[in-house]
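Both chains are sitting in their own frames, so use the hints and assemble them into the complex.
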Amino acid sequence: GQSLEQPSEVTAVEGAIVQINCTYQTSGFYGLSWYQQHDGGAPTFLSYNALDGLEETGRFSSFLSRSDSYGYLLLQELQMKDSASYFCAVGTAAGNKLTFGGGTRVLVKP
Amino acid sequence: ETGVTQTPRHLVMGMTNKKSLKCEQHLGHNAMYWYKQSAKKPLELMFVYSLEERVENNSVPSRFSPECPNSSHLFLHLHTLQPEDSALYLCASSQERASSDTQYFGPGTRLTVL
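Residue numbers (the numbering used here), protein chains in the order written: chain A, 1 to 110; chain B, 1001 to 1114.
Chain B with its partners taken away, still in its complex shape (with noise of 0.2 Å):
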């Protein structure tokens, strides 16, 4: 347990659906980070969230839409995804967004696209 939870961990879902993936940290940090992993490639940042404001942004398609609420909770939106997107999602924490700061990883969300 790394204090980082994520649910559902597992999500099967259509291209039209819309759906929305949830992460919860209990650390009491200030950043949280959405990450993807596909298959054989490496770790792949999406969006950074430092007291509830995105920092940042890597070119994600728009049918990925993330929103932070509050510094314990992050979700991510899906909708009209692509067979493609099928990944495992990680959700992490930061204390700040300092490079020197440990990042605690939530168990993932396995997503399927069909």
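Same shape as in the complex, but just chain A (with noise of 0.2 Å):
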């Protein structure tokens, strides 16, 4: 089967940095992709790792390492606004079967 850990919260102050990292072990590893939640909405797509690598998509970026099934999802310039939970998941070459972490609440503070 698959799991995948992050940290449960993480808390920062506006303008500042945060790295959210996740490990997973998994069989047929595909790509690790990562997901937004607001309390009350939906998880929305934020970026997708298949290559070793850092993929950059405005202020926030997605790290992935293969080798050592480890990843992690960058917050930079930090705005109220980014105060959510922040989902990893890895997909396997078996389909899009995501399995998710249990997810990393971010407070962000004035």
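Mixed in with the good hints there might be a few duds.
[Said to hold, decoys possible] In silico SDA-like cross-links for lysine to any residue, where the CA-CA straight-line distance does not exceed 20 Å:
(1) B:K1041 to A:T23
(2) B:K1040 to A:T104
(3) B:K1040 to A:N21
(4) B:K1041 to A:S8
(5) B:K1040 to A:G40
(6) B:K1041 to A:T44
(7) B:K1040 to A:S3
(8) B:K1040 to A:G41
(9) B:K1040 to A:R105
(10) B:K1040 to A:P7
(11) B:K1040 to A:H38
(12) B:K1040 to A:Y24
(13) B:K1040 to A:S83
(14) B:K1040 to A:V10
(15) B:K1040 to A:T11
(16) B:K1040 to A:E5
(17) B:K1022 to B:T1002
(18) B:K1040 to A:Q2
(19) B:K1041 to A:Q25
(20) B:K1041 to A:H38
(21) B:K1041 to A:T104
(22) B:K1041 to A:P7
(23) B:K1040 to A:D39
(24) B:K1022 to A:G40
(25) B:K1022 to B:R1063
(26) B:K1041 to A:S85
(27) B:K1041 to A:G40
(28) A:K81 to B:P1107
(29) B:K1040 to A:S8
(30) B:K1041 to A:Y24
(31) B:K1040 to A:S85
(32) B:K1022 to A:G41
Simulated from the structure, these hints should not be mistaken for laboratory data.
Okay, here's the thing in structure tokens:
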């Protein structure tokens, strides 16, 4: 089966940088995705890494190291609206069956 | 708005009731999913449909019965539920069933079983 570990909560101030780590154990790893979910809202896609390296999308970047079974989501220039839960999810070669981590709740303070 | 709608948004039901959750996607996708999100637990995949055919059933109790009449609609029929089934039920869709395909989630149905 698959399992993912990520921190449960992170607190930071506006303008700061936050890194959310995700380690995983899986067979048939295909890629690592990140989703954001605001309280009461739907998860929304942020990024996807299938190859090693850094993917940058505006203030958010995502990194993957397949050899270390590890990835992270980097949130830069934090804004209040970034307060949300962030989930990493692994996909396998067996189709789009995503297994999600428990989520990291990010709280941004003024 | 993600192009995936769910109704109702909130549902309270007794253990002997029968109810149905509805999901509709307006994105022209071929794959649809049901997830369960409980407090302090990871999102759990329940069912996957691809081109209206169920391709995944993650050991979900039979009191949950999915139905996919066409590629745009997905239902979850509920009967004789238990209080521990109270959770947020999320529907999602993706273009195909490839692991690289982004999943688009609906806003969810908050279910409370009394």
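(request) Could you tell me which of the hints above the structure violates, numbers in ascending order? (result) none
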